[in-house]
Amino acid sequence: MSKKLYVARCPRIAARKLGEETLVMAAQGSTLFTLNPTATILWQAADGVTALGDIVERHICSEFEVNLEEAIRDAEAMAQDLARHGILVISEEPIASRNSPAQEQRR
Amino acid sequence: MPGLAAQIERYSVVIAIGDVAVRLNTIDADFLQLLHKRYAGFVSAEAQAEFDFDVELLPSTFRSPDVDLSVTLRSGRWVLDRGDFFAEWEPVARRGIIRQTANPYSIDAVLRIMHTLVLAKQGGFLLHSASAIRNGKAFLFAGVSGAGKTTISRLAPMDATLLTDEISYVRKRDKDKDYVAFGTPFTGELAKLGENCSAPVAALFLLAQGAENRIEPVAAAEAGRGLLANMLFFAEDQELVHWAFKAACDFVDRVPVYRLTFVPDARVWELIT
Numbered sequence: 001m002s003k004k005l006y007v008a009r010c011p012r013i014a015a016r017k018l019g020e021e022t023l024v025m026a027a028q029g030s031t032l033f034t035l036n037p038t039a040t041i042l043w044q045a046a047d048g049v050t051a052l053g054d055i056v057e058r059h060i061c062s063e064f065e066v067n068l069e070e071a072i073r074d075a076e077a078m079a080q081d082l083a084r085h086g087i088l089v090i091s092e093e094p095i096a097s098r099n100s101p102a103q104e105q106r107r
Numbered sequence: 001m002p003g004l005a006a007q008i009e010r011y012s013v014v015i016a017i018g019d020v021a022v023r024l025n026t027i028d029a030d031f032l033q034l035l036h037k038r039y040a041g042f043v044s045a046e047a048q049a050e051f052d053f054d055v056e057l058l059p060s061t062f063r064s065p066d067v068d069l070s071v072t073l074r075s076g077r078w079v080l081d082r083g084d085f086f087a088e089w090e091p092v093a094r095r096g097i098i099r100q101t102a103n104p105y106s107i108d109a110v111l112r113i114m115h116t117l118v119l120a121k122q123g124g125f126l127l128h129s130a131s132a133i134r135n136g137k138a139f140l141f142a143g144v145s146g147a148g149k150t151t152i153s154r155l156a157p158m159d160a161t162l163l164t165d166e167i168s169y170v171r172k173r174d175k176d177k178d179y180v181a182f183g184t185p186f187t188g189e190l191a192k193l194g195e196n197c198s199a200p201v202a203a204l205f206l207l208a209q210g211a212e213n214r215i216e217p218v219a220a221a222e223a224g225r226g227l228l229a230n231m232l233f234f235a236e237d238q239e240l241v242h243w244a245f246k247a248a249c250d251f252v253d254r255v256p257v258y259r260l261t262f263v264p265d266a267r268v269w270e271l272i273t
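So the sequence lines, in the order shown, correspond to chains U and S. Residue 38 in the numbering used here sits at position 38 of the first sequence, and the numbers go up by one each step. Residue 261 in the numbering used here sits at position 261 of the second sequence, and the numbers go up by one each step.
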């Protein structure tokens with residue numbers, strides 16, 4: 001990994017953590033996505049100012065027994081996938097806070 | 001000058017579904033009769049209504065029925081447009097107009113849409129599901145066409161009160177945050193109007209037909225997906241999408257959701273008490 005990446009939740013997204021998963025709905029087209037437990041951790045921590053590597057180290061490696069570099073590679077791929085669906089923003093710079101906090105509630 | 005101006009008689013009927021009363025005004029006595037017949041059991045004797053619509057009847061050559069539905073918010077006014085009707089509605093003024101031919105299907109569609117718009121911000125929704133009251137509790141049976149809504153309705157025992165075989169009406173009760181299901185006149189294959197009554201929702205069943213009768217709990221996210229897949233939702237409005245999403249998530253947080261696999265015989269109702 002050469003550069004730090006920052007991830008932020010897209011605005012205009014409705015999201016709710018239900019059990020270990022998160023439902024995410026894009027207003028445009030009312031498209032519904034389900035984030036698995038790992039993607040949910042990434043989603044919750046995607047504040048735009050914490051580097052993706054730091055998120056993985058703090059939240060994923062501490063939760064699952066995984067190699068850090070491998071976990072970062074997987075997280076980058078996951079973030080790219082979420083970005084393609086328009087629910088996450090990726091940047092090489094910290095992303096200014098322009099999101100309202102996602103609705104989240106533990107069940 | 002008498003004789004130069006003829007007074008046009010105006011008829012009204014108040015239709016109350018889910019405790020939301022809508023007055024429909026028309027100058028056509030035959031259409032009024034049609035409305036009374038179509039919504040029998042849901043016609044309110046109360047003169048008061050939350051919403052008022054003037055129905056303007058147009059010739060049968062109105063427009064192509066194939067034009068797709070669009071529901072948009074323009075300058076604070078909902079515009080509902082489909083091949084067989086055009087309606088405008090001001091939520092603040094609580095007034096609107098409906099232009100259609102003299103048929104019960106168009107007005108039915110307008111009422112369904114209007115109710116989804118009203119319910120969304122209140123945390124309620126219309127759902128593609130049959131529903132019935134048993135032992136003072138309401139049960140919802142959701143599924144797409146062919147999933148078994150009509151079958152489960154047809155198999156309902158004598159002690160069950162059918163609320164609908166097609167479109168359930170769910171409202172959130174602010175007082176204690178629970179959910180109440182109401183009867184609706186929106187029918188499916190059974191072509192039988194639901195009873196105009198209500199009860200607290202005890203469970204939502206996602207229907208599946210199989211080789212045996214079985215009830216299994218459904219994980220929260222799957223429950224949310226199942227509910228959203230069956231919710232009636234028409235508008236592409238961002239705020240409304242968020243309200244509908246929130247309504248679905250709040251509901252599955254509060255109400256148990258199960259998968260109900262059943263064979264089409266009456267014993268399935270032994271599981272629903």
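No wet-lab data here; the hints were simulated from the structure. One or more of the hints may lead you astray.
One-sided and incomplete, this derived list gives chain U residues near chain S with beta-carbon spacing under 10 Å [what the hints assert, rightly or not]:
| no. | residue |
| --- | --- |
| 1 | L5 |
| 2 | R12 |
| 3 | R16 |
| 4 | E20 |
| 5 | E21 |
| 6 | L23 |
| 7 | T38 |
| 8 | R58 |
| 9 | I60 |
Computed Cβ-Cβ distance ranges for the label pairs, DEER-style [to be verified]:
| no. | chain 1 | residue 1 | chain 2 | residue 2 | range |
| --- | --- | --- | --- | --- | --- |
| 10 | U | E20 | S | K177 | 16 to 26 Å |
| 11 | U | A96 | S | E239 | 43 to 53 Å |
| 12 | U | A77 | S | K177 | 22 to 32 Å |
| 13 | S | L155 | U | Q80 | 31 to 41 Å |
Every residue, glycine too, gets a C-beta built ideally from N, C-alpha and C.
Beta-carbon spacing of A77 (chain U) to K177 (chain S) - inside the hinted bounds 22 to 32 Å or not: Violated - the Cβ-Cβ distance for A77 (chain U) and K177 (chain S), about 41 Å, lies outside 22 to 32 Å.
Please check whether E20 (chain U) and K177 (chain S) have a Cβ separation lying inside 16 to 26 Å. Holds - the Cβ-Cβ distance for E20 (chain U) and K177 (chain S), about 24 Å, lies within 16 to 26 Å.
Does the closest beta carbon of chain S sit nearer than 10 Å to the beta carbon of T38 (chain U)? violated, 14 Å
Holds or violated: the 31 to 41 Å window for the beta-carbon distance between L155 (chain S) and Q80 (chain U)? violated, 50 Å
The hint names R12 (chain U) as touching chain S; please verify it with the least Cβ-Cβ distance against 10 Å. It holds, given that the least Cβ distance between R12 (chain U) and chain S is near 6 Å, below 10 Å.
Hint I60 (chain U) vs chain S: min CB-CB distance below 10 Å? violated, 19 Å
Taking 10 Å as the limit, does the beta-carbon of L5 (chain U) come near enough to a beta-carbon in chain S? Because about 27 Å separates L5 (chain U) from the closest Cβ in chain S, which is outside the 10 Å limit, the hint is violated.
Do the numbers back the hint for R58 (chain U), that is, is its least Cβ distance to chain S under 10 Å? With Cβ-Cβ at 24 Å, over 10 Å, it is violated.
With a cut-off of 10 Å, does the beta carbon of R16 (chain U) approach a beta carbon of chain S closely enough for the hint to hold? holds, 4 Å
Are E20 (chain U) and chain S close enough, Cβ to Cβ, to be under 10 Å, as the hint says? At 8 Å from the nearest chain S Cβ, E20 (chain U) passes the 10 Å test, so the hint holds.
Checking hints one by one. Is L23 (chain U) an interface residue toward chain S, by the C-beta closer than 10 Å rule? holds, 5 Å
How about E21 (chain U): closest beta carbon in chain S under 10 Å, or not? Check passed: Cβ of E21 (chain U) comes within 4 Å of chain S, closer than 10 Å.
Hint compliance for this structure: hints 1, 7, 8, 9, 11, 12 and 13 are not met, and every other hint is.
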